[in-house]
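*Asks:* Taken in sequence, the protein lines are chains V and R. Take any residue in the first sequence, note its place counting from 1, add 14, and you have its number in the numbering used here. Take any residue in the second sequence, note its place counting from 1, add 354, and you have its number in the numbering used here.
In case anyone wonders, no lab produced these hints; they're calculated from the structure. None of the values given here were measured: they were computed from a predicted structure. Think of the CB as a built atom: it goes at the ideal place given N, C-alpha and C, for glycine as much as any other residue. Treat the hints with caution; some may be incorrect.
As the list claims (entries may be wrong) - Sample of chain R residues with no beta-carbon within 12 Å of chain V, all distances over it, derived: (1) 406; (2) 719; (3) 757.
Stated by the list, open to error - Calculated pairs, DSBU-like style, for lysine-lysine (alpha carbon to alpha carbon, straight line, at most 35 Å): (4) V:83 - R:372; (5) V:58 - V:37; (6) R:404 - R:645; (7) V:114 - R:404; (8) R:426 - R:469; (9) R:366 - V:37; (10) R:644 - V:83; (11) R:404 - V:91; (12) R:469 - V:37; (13) R:366 - V:114; (14) R:645 - V:114; (15) R:366 - V:83; (16) V:114 - R:644; (17) R:426 - V:114; (18) R:366 - V:91; (19) V:83 - R:404; (20) R:426 - R:392; (21) R:485 - R:370; (22) V:37 - R:372.
One letter stands for each residue in the lines below.
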Amino acid sequence: MSRTMLAMCCVLLCASVTLSQAKRAPALALTDLHGRTVRLSDYKGRVVLLNFWATWCPPCRAEMPDLVKWQRRYGRKGLQIIGITYPPTVRADVRRFTRKLRVTYPILRGTRATKTLFTASETLPMTVIIDRAGNIRAVIEGILLPEEFAGQVRPLLR
Amino acid sequence: MYNIQKAVSRLKFAPKLKEIQVTDITKGIGVFTPQPDKPVSFALLQTALKQAGYTLATAEINVVGTLLREDKDWWLVADRTGQRFALAGPLLEKLLVGVAPDARVEISGGWQTVKTGATETRETIAPRELKKIEAAPKATTGRIMPAAATSTAQFFMPARFAFTVPYTPAAAVPLSAAAAPIRTTSPGLTVYKGGAVIPRLSFVRQHLGALVVNRQQLNVSLTYTPTSTLQLEAEVPFSRTSFADGITSGAGHGLGNVTLWGKYRFYRRVKTYGDRQAAVRFGVELPTGKKTGPSRQRLAAPDFVRAQLTPINGGLAPIGELTYAQAVKRLVFGGNVAGVWRTERAGFRTGHEVRVNTDTELVVFPFKYRRPVKELFALLETNFVRRGRGRSNGRTVSDSSATEYYLSPGLQYVATPQLVIEASAQLPVVRNTGAQLLRTDRSILFALHYLF
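Bound conformation, chain V alone:
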């Protein structure tokens, strides 16, 4: 009996620690390339990757084919990637680039302030992993590597 109580206490303690660590994603509303407003809450119930990028950033461009691939492969399992541009942004460049890469996920226009909602780091690209409950699970600086996707995103899609 005492062992069961002890185990339950441990489980509750772990759960509370996990809950306290998980930060709620802020309410985000940005416009896409066509001027339509897109809200983060529109994707409630999905695993969202907010990918901050810029056309002038070579690593951002290098990682995008992987993001496109993952969106195609795991979209049905609940993955939603959202690209957020980081200034300075030339809308025509963004359109041309996303068309060339056949990006199927939404691209929203961000500002420096948008990125600082998640991190003060100046690194680009930067990817925020948000779980189905709307909690920020991780902030990945630099390219989202396949091993990071496998280790941190795929478990959330199960």
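We have chain V already, so just place chain R on it with the hints.
*Replies:* Quick look at chain R alone, frame taken from chain V:
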């Protein structure tokens, strides 16, 4: 920077992320010491960086090991890992003079992975430097390498990547400047009736990181003034440009863009000891200049940077100017506001420009004015330029805008009524420039004005 560290840290032979140093972010030079017990591969390093969006141009390596000779081939067997590096290169024979075939040495040089078969590769070093290392004390069982020596098998990789700003432009060091320096000698000098031939020779030094550029530019300007209010001018530039970045160097020369000008003086008021005049000037820069710069193989730099080594700033460019000049006793003051609209040529142009220039001239001697000869003027020009973003390969280059301010002190001597000699130096005061523009360090100008 973080992306480079992250990319390299994925390699099995790489150290921890924080131990990978990017020593020059603008040139992408990185240094790291591989794990001493893991074999290294240039090809894997290249692939890792490519996956992160960077292009590795060259790398150098420093290895401590034992020389090995097999037939005519020389090898270096690294301490600890036992990895074999093939030695080749123009300096090899020279460096190996007087070195025993099984000597312990430390070799530095260019690093490559060379294919030797369908799937086989080998690491090669083109030695640049060879240091003999004293042999360890011999033990009865043979040679024992001192532990400290084996652990100093240090590799470092000054790698030049074909990029300039790896992450955010806000965090990047401002690095550049005008593609071609701006000189507006005597902007207030408006219209003289008659004609003039004005050759101007300038020596300009620019840099971008370790890339140093020297230009010698000859501008020959021919002016003709058919009436007292109208002046026509043709300006023909010719330049020689040399560059060096510590690894490679080269030079080129060619004709720049010919510019045609027309100036109309619409206002003049003459007083006893001075006058005031204002004019508008329109010009068009014609796409006549040489458009080919050094190739990517010749200079590992972004296209936009290499294009700046040509004598041109782009293609056809209309120019508009408003000029005002005022002379009061011994002091002459002139100023102009100019705008340049550039079009692309061969997919390249620098940004559109707005310039504000002033020119103050003081008659130093003679103290008592008799006639307009043997006069010495002290000059002080100021040049403010705001340049927008340029374009390369049909795309806007993000870090190519600039705000610059220069001071140019100089002297002008009126030797005869027909001949004026001028010399001045242009010194940068403000160079708030994007990371893909060459940065002008100084410009020295000599000019002759022959009036007829």
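*Asks:* Tell me if the straight-line CA distance from residue 366 of chain R to residue 37 of chain V falls inside 35 Å.
*Replies:* 34 Å, holds
*Asks:* Can you confirm whether the C-alpha distance between residue 485 of chain R and residue 370 of chain R stays at or below 35 Å?
*Replies:* 29 Å, holds
*Asks:* Given the hint that residue 114 of chain V pairs with residue 404 of chain R, test it: the Cα-Cα distance must not exceed 35 Å.
*Replies:* Within the cut-off at roughly 19 Å; holds.
*Asks:* Are the Cα atoms of residue 58 of chain V and residue 37 of chain V separated by 35 Å or less?
*Replies:* 15 Å, holds
*Asks:* Verify the proposed pairing of residue 426 of chain R with residue 469 of chain R, using a straight-line Cα cut of 35 Å.
*Replies:* Holds - the C-alpha atoms of residue 469 of chain R and residue 426 of chain R are around 19 Å apart, at most 35 Å.
*Asks:* When you look at the beta carbon of residue 719 of chain R, is every beta carbon of chain V farther off than 12 Å?
*Replies:* Non-interface label stands for residue 719 of chain R: nearest chain V Cβ at 53 Å, farther than 12 Å.
*Asks:* Within 35 Å, alpha carbon to alpha carbon, are residue 469 of chain R and residue 37 of chain V?
*Replies:* Distance ~50 Å between residue 469 of chain R and residue 37 of chain V Cα, so the pair is violated.
*Asks:* Would the pair residue 366 of chain R and residue 83 of chain V pass a check requiring their Cα atoms to be no farther apart than 35 Å?
*Replies:* 26 Å, holds
*Asks:* Measuring Cβ to Cβ, find out whether residue 757 of chain R lies farther than 12 Å from everything in chain V.
*Replies:* 15 Å, holds
*Asks:* Within a Cα-Cα threshold of 35 Å, do residue 426 of chain R and residue 114 of chain V meet the stated pairing?
*Replies:* Roughly 52 Å separates the two Cα atoms, so the pair is violated.
*Asks:* Quick one, are residue 644 of chain R and residue 83 of chain V close enough, alpha carbons at most 35 Å?
*Replies:* 44 Å, violated
*Asks:* Measuring Cβ to Cβ, find out whether residue 406 of chain R lies farther than 12 Å from everything in chain V.
*Replies:* 5 Å, violated
Hints 1, 10, 12, 17 from the earlier list are contradicted by this structure; the remaining hints agree with it.
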